[in-house]
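Could you put together the complete structure from these sequences and hints?
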Amino acid sequence: QVTLKESGPTLVKPTQTLTLTCTVSGFSLGSSGVGVGWIRQSPGKALEWLALISSNDDKLYSPSLKSRLTISKDTSKGQVVLTLTDMGPVDTGTYYCVHSPSYYHSVTGYRPTYYFDFWGQGTLVTVSS
Amino acid sequence: DIQMTQSPSSLSAFVGDRVTITCRASQGINNYLAWYQQKPGKAPKSLIYAASSLQTGVPSRFSGSYSGTDFTLTINSLQPEDFGIYFCQQYKTYPVTFGPGTTLDIK
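In the order they appear, the protein sequences are chains A and B. Numbering-wise, the numbering used here puts 112 at position 112 of the first sequence, and it's gapless, one number per residue. Numbering-wise, the numbering used here puts 56 at position 56 of the second sequence, and it's gapless, one number per residue.
Simulated from the structure, these hints should not be mistaken for laboratory data. Quick caveat: nothing in here was measured; it's all calculated off a predicted structure. We treat Cβ as the ideally placed atom computed from N, Cα and C, and that holds for glycine. Fair warning: there could be bad hints in the mix.
Covered, in the sense of this in silico footprint (three residues per stretch, anywhere, with C-beta under 8 Å from a C-beta of chain B), are these stretches of chain A [to be verified]:
hint : region
1    : 38-47
2    : 54-66
3    : 112-119
Dropping the structure here:
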C-alpha cells in the first residue's frame with residue numbers, strides 16, 4: 001500500500017526557507033521510473049505543481065519557482081525533501097507530496113508519467129511574521 | 001504553459017442524476033489528462049488517467065472521454081458521496097497544469 005506523509009513547519013516567517021520532508025512507504029524511491037513530487041494548493045483552492053524527482057534522480061521544477069526550489073531524495077530512508085527559499089505570504093497554502101507512476105518508453109526507458117495516483121494528507125504552511 | 005479551463009465552475013444535482021463536467025486544454029494534449037476529486041479538508045484523489053482509464057477502486061459510475069482538446073468527466077447515477085471539487089490536469093507538456101476546479105453539490 002503506497003503512502004506518503006508530509007512533515008515540516010506549519011509557520012514560517014517572510015524571507016525564511018521552507019523545508020518539507022515526505023516519507024514514503026509501500027514502494028521504493030529507486031523503483032524504475034517512479035516519481036515523487038510536490039503540489040501546493042492555495043487557500044483559494046488552485047492546485048500548483050512545484051517539483052518532481054524520479055527514481056534515476058532526474059529533477060524537474062515549476063518554471064515560475066525554479067530559482068527558489070530544490071528537491072532531493074534519500075532512497076535508503078524513503079524520504080524526499082523540498083526546500084523553497086525566500087518565503088512570502090503568497091506561498092501560504094497546503095503542500096502535498098505525490099506519487100507519479102512510471103511508464104515505459106521505447107527510447108528513454110522507464111519515466112514518471114506526471115499524473116499523480118497517490119497523495120499525502122498535506123501539510124498547511126502559513127507565512128506570517 | 002498549457003492552460004486548462006473547466007465548466008461549469010459549480011453545479012448542483014440530485015442523487016441519481018447524470019452529471020457532466022468539461023475540461024478544455026489550450027492546445028493539444030492527446031489523452032494525457034487526469035481527473036481528481038477533492039473533498040473538504042482532504043487531499044485530492046485520483047479518479048481517471050489517460051482521459052478514460054479508471055483508477056483502481058474508483059466506482060464504475062465515473063467515466064472519462066475526450067474529443068480534440070475537450071475532455072469530459074461523467075458521473076452516472078450520482079451518489080451522495082460524490083460531492084466535492086473536481087480538477088482536471090494535463091501531463092502532456094512540462095509544466096503539468098491543473099484546471100481551476102468544478103464544485104459539485106448534492107441537492
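Evaluation of the provided hints:
1. A stretch counts as covered by a chain when three or more of its residues have a beta carbon under 8 Å from one of that chain; for the region 38-47 of chain A and chain B the count is 3, and the coverage holds.
2. Counting residues of the region 54-66 of chain A whose beta-carbon sits less than 8 Å from any beta-carbon of chain B gives 3, enough to reach three: the coverage restraint holds.
3. Check on the region 112-119 of chain A: 7 of its residues sit with their Cβ under 8 Å from a Cβ of chain B, so the three-residue criterion for coverage holds.
The structure fails none of the hints (numbered hints given earlier).
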